[in-house]
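Colleague: Listed below, chain by chain, are the residues.
There are 2 protein chains.
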Amino acid sequence: MAYKETYPSALLTEAVEAISSLPGVGRRSALRLALHLLKQPAENVHHFTSAINHLRDDVRYCRCCRMISDEELCSICSNRNRDPRTICVVESVRDVMSIESTGQYHGVYHVLGGIISPIAGVGPSDLSIRELTERVQALENPSGAEVILALSGDVEGETTAFYIYRQIEASGVRITTLARGLGFGDDLEYADSLTLGRALTNRLIFKP
Amino acid sequence: MAYKETYPSALLTEAVEAISSLPGVGRRSALRLALHLLKQPAENVHHFTSAINHLRDDVRYCRCCRMISDEELCSICSNRNRDPRTICVVESVRDVMSIESTGQYHGVYHVLGGIISPIAGVGPSDLSIRELTERVQALENPSGAEVILALSGDVEGETTAFYIYRQIEASGVRITTLARGLGFGDDLEYADSLTLGRALTNRLIFKP
Chain D
394 MAYKETYPSA LLTEAVEAIS SLPGVGRRSA LRLALHLLKQ PAENVHHFTS
444 AINHLRDDVR YCRCCRMISD EELCSICSNR NRDPRTICVV ESVRDVMSIE
494 STGQYHGVYH VLGGIISPIA GVGPSDLSIR ELTERVQALE NPSGAEVILA
544 LSGDVEGETT AFYIYRQIEA SGVRITTLAR GLGFGDDLEY ADSLTLGRAL
594 TNRLIFKP
Chain U
394 MAYKETYPSA LLTEAVEAIS SLPGVGRRSA LRLALHLLKQ PAENVHHFTS
444 AINHLRDDVR YCRCCRMISD EELCSICSNR NRDPRTICVV ESVRDVMSIE
494 STGQYHGVYH VLGGIISPIA GVGPSDLSIR ELTERVQALE NPSGAEVILA
544 LSGDVEGETT AFYIYRQIEA SGVRITTLAR GLGFGDDLEY ADSLTLGRAL
594 TNRLIFKP
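Heads up: the sequence lines are chains D and U, in that order.
Using this note's numbering, the letters of the first sequence correspond one by one to residues 394 to 601.
Using this note's numbering, the letters of the second sequence correspond one by one to residues 394 to 601.
Derived by calculation from the structure, the hints in this document are not laboratory data.
Where a beta carbon is used, it is the ideal one built from N, C-alpha and C, also for glycine.
To spell it out: a stretch of chain U is covered by chain D in this simulated footprint if at least three of its residues, at any positions, have a beta carbon under 8 angstroms from a beta carbon of chain D; those stretches are: (1) 399 to 406; (2) 419 to 430; (3) 445 to 452; (4) 456 to 467; (5) 484 to 493.
Next up, chain D with everything else stripped away, as it sits in the complex (with noise of 0.2 angstroms):
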């Protein structure tokens, strides 16, 4: 049920191939999209391409956490009831839409904008590690604040979790991770090994 990648015209093929360069999107879901876009109204396809060019031209980042923000500081940083002696150092601007909707921290981040792995070209460097090193050596106090590494469980992420800890450490403030275990709900037969054991090596006191 192959399509041949023939198309019968250079604009479409264009604009097949342009729509198919997204993540995710193969060749034939992006003629379904391309031929979509050429019924609407001409205003609402310009309308969505300069949603486009206007984030990728305009966007700002927060000059304290790297969030995108449309302020120069972004809303959290700017939130006085947000703990500025609390940063949650997390891998991308999707990892803090993930935990500010837990509802659950009231603190502050920061935003790398990627992870240190050596097979995709990224140094401590490309990350906004040494931003972060200078605003934890800006705080009064460091042994009363807190980094919590928020980094995903691989390797690439162990890595940069373990490059932060030892340009930090020195300062003296308190440096946590999250807590490793089984799922809220889950059941012990589907665990992976790994993950029992470090819940049993981790575990809990049991609060009834």
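We have chain D already, so just place chain U on it with the hints.
Modeller: Chain U alone, transformed into the frame defined by chain D:
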């Protein structure tokens, strides 16, 4: 695991809303795509949006069959090896591409640009049915020519086929439709009873 629908920036909100207006793209996918575009070099993003704008603004349709085309006459209508007296009537550009990919068809097409649908507010005058009627009336010796109604098998497709049939039957052209029956390689067990019934009624001479 649902994100709260609060984005950290108005620009991001607008881009996510624009992207999620595409069919089959939810808000989470739209956010993922927006953050992906944000990470790309600006010129890539501009190339992406301008390919879409060019398609929408500069697209042309074949003056004969209404297929998307870069020329006044599409590559199929202008191909002397195609039989201009066999006209396959389809709903959309995609249908032409599907049929072309079979490599089995050597006639020409007529793209309606939609299907008659009272619910969606699409009537005969919104489609290129008048152009089809004129094309059929212009045929010399119409009884030796053929119009294939290759429309979908649902109520709207059948309605459209019947409407076109009434418009062109007086011309004396041969009017056919696609064979309906079991799919090639289909198992009887999994065929729906309507299809199986039609396949029995329209049974073919066995040619081993």
